[in-house]
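Student: Counted from 1, the sequence shown has number 146 at position 146 by UniProt numbering; the numbering is strictly sequential.
By construction, these hints were calculated from the structure, which means they are not laboratory data. If you're wondering where the values come from, they're calculated on a predicted model, not measured in any experiment. Treat the hints with care, as some may be off.
Between beta-carbon pairs, the in silico distance windows are [said to hold, decoys possible]:
{"id": "1", "residue 1": "Val16", "residue 2": "Thr124", "range": "39 to 49 angstroms"}
{"id": "2", "residue 1": "Tyr126", "residue 2": "Glu24", "range": "39 to 49 angstroms"}
{"id": "3", "residue 1": "Leu226", "residue 2": "Ala134", "range": "13 to 23 angstroms"}
{"id": "4", "residue 1": "Glu192", "residue 2": "Gln168", "range": "23 to 33 angstroms"}
{"id": "5", "residue 1": "Thr70", "residue 2": "Met191", "range": "41 to 51 angstroms"}
{"id": "6", "residue 1": "Ala180", "residue 2": "Glu132", "range": "18 to 28 angstroms"}
{"id": "7", "residue 1": "Pro234", "residue 2": "Ala186", "range": "18 to 28 angstroms"}
{"id": "8", "residue 1": "Trp133", "residue 2": "Thr96", "range": "38 to 48 angstroms"}
{"id": "9", "residue 1": "Gln17", "residue 2": "Met191", "range": "48 to 58 angstroms"}
{"id": "10", "residue 1": "Glu24", "residue 2": "Glu138", "range": "27 to 37 angstroms"}
Here a beta-carbon is modelled for each residue, glycine too, at the ideal position from N, C-alpha and C.
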Amino acid sequence: MAGATNAAVPTLIGSVQRALRLLEAAGSHRDGAPAKQLARETGIPLPTAYHLLRTLTHEEYLRRDKGVFTLGEAVDRLALGGDLQNRRSTLEKSLTHWRDAIGVPVYFAVYREGEIELVAVSDTPYSPAVHEWADFRETGHAHAIGQCLLSQLDEAARGDHLDRHPVQPVTPYSVRDRAALMERLAAVGRMEPVVERQEYALGTVCAAIPITVGDIAATMAISLPLHQEARLRPAVEQLREGIGGLLGSLAFSISI
Numbered sequence: 001m002a003g004a005t006n007a008a009v010p011t012l013i014g015s016v017q018r019a020l021r022l023l024e025a026a027g028s029h030r031d032g033a034p035a036k037q038l039a040r041e042t043g044i045p046l047p048t049a050y051h052l053l054r055t056l057t058h059e060e061y062l063r064r065d066k067g068v069f070t071l072g073e074a075v076d077r078l079a080l081g082g083d084l085q086n087r088r089s090t091l092e093k094s095l096t097h098w099r100d101a102i103g104v105p106v107y108f109a110v111y112r113e114g115e116i117e118l119v120a121v122s123d124t125p126y127s128p129a130v131h132e133w134a135d136f137r138e139t140g141h142a143h144a145i146g147q148c149l150l151s152q153l154d155e156a157a158r159g160d161h162l163d164r165h166p167v168q169p170v171t172p173y174s175v176r177d178r179a180a181l182m183e184r185l186a187a188v189g190r191m192e193p194v195v196e197r198q199e200y201a202l203g204t205v206c207a208a209i210p211i212t213v214g215d216i217a218a219t220m221a222i223s224l225p226l227h228q229e230a231r232l233r234p235a236v237e238q239l240r241e242g243i244g245g246l247l248g249s250l251a252f253s254i255s256i
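With the hints as extra help, turn the sequences into a complete structure.
Tutor: So this is what it looks like as structure tokens:
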């Protein structure tokens with residue numbers, strides 16, 4: 001019994017505890033505080049406090065200016081990381097909701113810094129996402145996500161993308177050349193879904209809905225096996241009708 005009790009007690013590292021207390025104390029003062037005050041507030045001996053404060057300053061968790069310690073850039077990075085995790089969680093919950101409501105894999109992608117970026121995917125073992133067998137960034141001309149994003153770009157940005165990632169067939173059903181792709185993109189109506197059938201993956205049909213947030217091109221997309229193609233249009237319309245409620249989470253998720 002005694003052994004079991006000891007095993008349940010966590011091993012605590014005193015220096016880490018003291019450093020965290022100093023960080024908390026420094027953070028409680030908007031304009032910072034000197035070492036003696038932080039040591040007094042935390043009950044840490046002054047020599048130990050000096051040593052820990054120097055270490056925390058070296059690692060950029062604290063900033064020292066004229067003998068006063070304030071929170072440093074490393075703390076800001078930690079906070080930003082937590083914020084990004086919350087954003088991603090919100091996005092993933094939204095995608096999961098529509099995945100379950102419609103019964104299809106749901107994708108969210110953006111066009112960022114000249115490249116197609118698949119931000120998040122929500123699928124299930126019974127309704128799996130399309131396997132990325134060829135790099136999505138290089139084959140944007142062949143899948144609904146890429147075509148939808150390219151259709152939202154201006155002529156110069158679209159031309160630059162295709163110069164870097166030339167059009168070439170991915171499957172027997174892919175668009176054959178750049179001229180044919182440009183013609184297809186020109187025919188896409190504003191804010192209309194883009195549909196492709198077996199152009200990226202044989203046996204699969206996909207549809208993507210354009211989303212413009214500020215000057216950022218984004219899209220949500222779904223995919224289905226070819227034998228379920230009849231479900232594609234109703235499914236994408238259901239998603240499009242609900243897209244308004246998602247725009248808030250999608251807008252800040254672009255910064256993920």
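Student: Honestly, do Thr70 and Met191 meet the 41 to 51 angstroms range at C-beta?
Tutor: Since Thr70 and Met191 have Cβ atoms about 48 angstroms apart, the given range 41 to 51 angstroms holds.
Student: So does Glu24 sit 27 to 37 angstroms from Glu138, Cβ to Cβ?
Tutor: Taking Cβ atoms as reference, Glu24 and Glu138 lie about 48 angstroms apart, which means the hint is violated.
Student: Would you say the C-beta atoms of Leu226 and Ala134 sit inside 13 to 23 angstroms of each other?
Tutor: holds (18 angstroms)
Student: Return holds or violated for the Cβ distance of Val16 and Thr124 against the range 39 to 49 angstroms.
Tutor: holds (41 angstroms)
Student: Taking the beta carbons of Gln17 and Met191, is their distance inside 48 to 58 angstroms?
Tutor: holds (55 angstroms)
Student: Does the Cβ-Cβ separation between Glu192 and Gln168 fall within 23 to 33 angstroms?
Tutor: holds (26 angstroms)
Student: Go ahead and decide if the range 38 to 48 angstroms is satisfied by the Cβ distance of Trp133 to Thr96.
Tutor: violated (24 angstroms)
Student: Is the distance from the Cβ of Ala180 to the Cβ of Glu132 consistent with 18 to 28 angstroms?
Tutor: About 24 angstroms separates the Cβ atoms of Ala180 and Glu132, which means 18 to 28 angstroms holds.
Student: Between Tyr126 and Glu24, does the beta-carbon spacing fit 39 to 49 angstroms?
Tutor: Holds: the Cβ-Cβ distance is about 47 angstroms, inside 39 to 49 angstroms.
Student: So the hint says 18 to 28 angstroms: do the beta-carbon atoms of Pro234 and Ala186 match that?
Tutor: holds (27 angstroms)
Checked against the numbered hints above, the structure breaks hints 8, 10 and satisfies the rest.
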